[in-house]
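Participant: From first to last, the protein sequence lines are chains A, B and C.
FYI, the numbering for the first sequence is 346 to 757, going by the working numbering.
FYI, the numbering for the second sequence is 3 to 215, going by the working numbering.
FYI, the numbering for the third sequence is 44 to 106, going by the working numbering.
Simulated from the structure, these hints should not be mistaken for laboratory data.
The beta-carbon is built from N, C-alpha and C at its ideal position, and this holds for glycine as well.
Watch out, some of these pointers could steer you wrong.
Pairs of lysine-lysine residues, derived as DSS-like cross-links and limited to a Cα-Cα distance of at most 25 Å, are as follows [claimed, not checked]:
(1) A:467 - B:132
(2) B:133 - A:467
(3) A:509 - B:132
Between beta-carbon pairs, the in silico distance windows are [said to hold, decoys possible]:
(4) B:204 - A:730: 27 to 33 Å
(5) B:158 - A:745: 55 to 61 Å
(6) B:127 - A:455: 24 to 30 Å
(7) B:127 - A:398: 52 to 58 Å
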Amino acid sequence: MALRGYAHTLTVTCSSCHSLLDTSSGEASILKKAQQQTKIEPLIPLGCRGKFDDVAYEAIGFQQRYTSSDGEHFFWQEYVLFHPYKGFRYLSEYNGHWLYIRPTEVLPNGQYYQTFDGRMYKPFQKAVARTGYVIGEFPWRVVVGEAVAMVDYVSPPYILSSEKNANETTWSAGRYMTGEEIWKAFNLPGHAPAASGVYSNQPNPMEGKPRASFRLFGLFVLLALAVLIGFATTHKNDPVYKASFSFDPAAQTDQSIVSPTFDIGGSHTTAVHVESRAGVSQNWLYLQIALVNKDTNISYDFGETLSYYSGVDGGESWSEGSSNQNTIVHRVPPGHYYIRIDPERDREAGESVQSASRVVGYQVAVFQGATNIGLFFIVILLLLPPPIIVWWRYRNFENQRWAESDMSGGSE
Amino acid sequence: MSHPGSNCPQCGAKVEFRWSGAVQAVCEFCGSILVRTDLDLKKVGTVADFALEDASPIQINTEGVHDKKAFVVVGRIIYEWDQGGWNEWYLMFNDGSFGWLSDAQLEWAVTKQYAAQGVPNSPDQIHPGKKFTFGSTEFEVTVITRAHYKGVEGQLPFEYWDKKRVTFIDLRTHTREFATLDFSDPEAQLYVGRFVEFEELRLTNLRQFEGWT
Amino acid sequence: MRKSPIFTFYGATLLMLFAAAEYTGYGFMGPTPARGGPKTVRDNPGASRSHYGGIAPRYVGGK
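The shape of chain A in the complex, shown without the other chains (with noise of 0.2 Å):
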């Protein structure tokens, strides 16, 4: 027979006994008027034992308490658990976040900021809690209205809370527990519900990471540079071919030179660096080089502008211009090679024949092999994002957590 307007499921009949229950009758109505009564129901059955520690408790108080902050109000779920010998500990559960909370016997030091056990704890809210039903025992005399002053200081995994009233101050220590570690605990069927937002102590999830990130990220920086200082050093210092050269602006012979044949070596490809440099003095000079492979004829052309002119203007000296210049050549292949230079200089506008006919002797040098910082930083801004990601990640659940706290204190 089922007892109709009851959530329990009350519809268990002895089979042998047939025993119905009339609803008319005086324990019917005690069943009705405990149901109203009883219209929070708490997520652990009083009774229930869970095992914290290694020690199990039995569930055997339960209340639900509630701050308000304008006109509204937060409600949250404490349940009080009990040993003979070990004593009292309580659970508190808001949003399917869990805390497992003991006294403590030890005051916190400080004002501001609270240090216990060796850590510290940072201010993350201040309210007036009240109760607002209570089912069960209690290891004092808890009455609905009640209200107590209450601060939480965190330090994640970990809770301080104190509670105050007129007669006393109370601290108790907490720490974060998930809603499957408290179904574990008390084997309780099914799944517990579902967290939601980030809880004042809360471990975030990132903890820890962005060092880890930003060490390996160090640590590559490291090897990176090693491997720019091995390739430098490891460079030879003498030029595969060098030569000096004299260029004759007003000389009617052709002044184009090709140079003798010399060796890029090795197995494979490197960097070639040509260098420049001309005797010019308030003069310039305008080489088109190129690197000429004898046997595939691929040749590599560019041009270097080199100049120099100084002189004093009010009191102040001035100077511009270089008058030695560096290009490198990209993955040249080991070969036989040769350069042809095509030395240039004509005649400004107003400048006199005299001044543009002058002699200009200049050298030209190439080196096998040349380093490109240029890549160094490349690989430094490319190994930038990961730690960045992560620092991001670590930071944005930290701006969640504190979002909900009403002190100020924050940010790292």
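Following the hints, complete the assembly by docking chains B and C onto the known chain A.
Facilitator: Relative to chain A, chains B and C alone:
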């Protein structure tokens, strides 16, 4: 913790109500629904029952060790106040000295009496947060309780007790030290000691509880 | 390595590419290879003669 029990009126099997405020239970054997008629339903949801009505695991003749000295429990005072109660167990140590083992919500502290210096004789000026120095340690007032004796047992260091309310003040420190001021006499009495873990006391001859190991 | 296998793998790959690039003289800017002048240039110095380099009057014709 307290599981009111009864027998099923239908089949006689033992039925336990899961917790003190449980109104109904189902008989495991015959399936009848049992309803308690003795509960004050108005209290359900609004007032909690008080656990530990006489549920201290200590009893007279319990033995233990504190600071390497063996002791035996010889006496007891039960205190009660508006919102609860606690036990003070009188200890006799094997060197002839005496002390107190306080059992308050199963938090344990062993204290001894000391001369109360620098303490006012009236608790009126004292409030939570006020600091006192006893010996070389600074203590802070944490709890002020107005309690009275509820009962006594065994051997105690005084001969009579009256039922008037008396103020007790608890003080704590940043370490595990603990002190109490007892304003029952015209002069304040000071007890100083520290909190201990249940295991530290190595208690034997404890009270047993059904259903607990 | 156990802390972040993805980053470790990524960083190691980058470093290896970097080392390979330095080894082979890789770079972004610089002269591009071109099919060069005729093989006969050695035999023909001055054949590719710029018209712009020099002071007029200047020899700009053939041999």
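Participant: Taking the earlier hints as the rules, which of them does this structure contradict?
Facilitator: As far as the earlier hints go, 4, 7 are violated by this structure, in ascending order.
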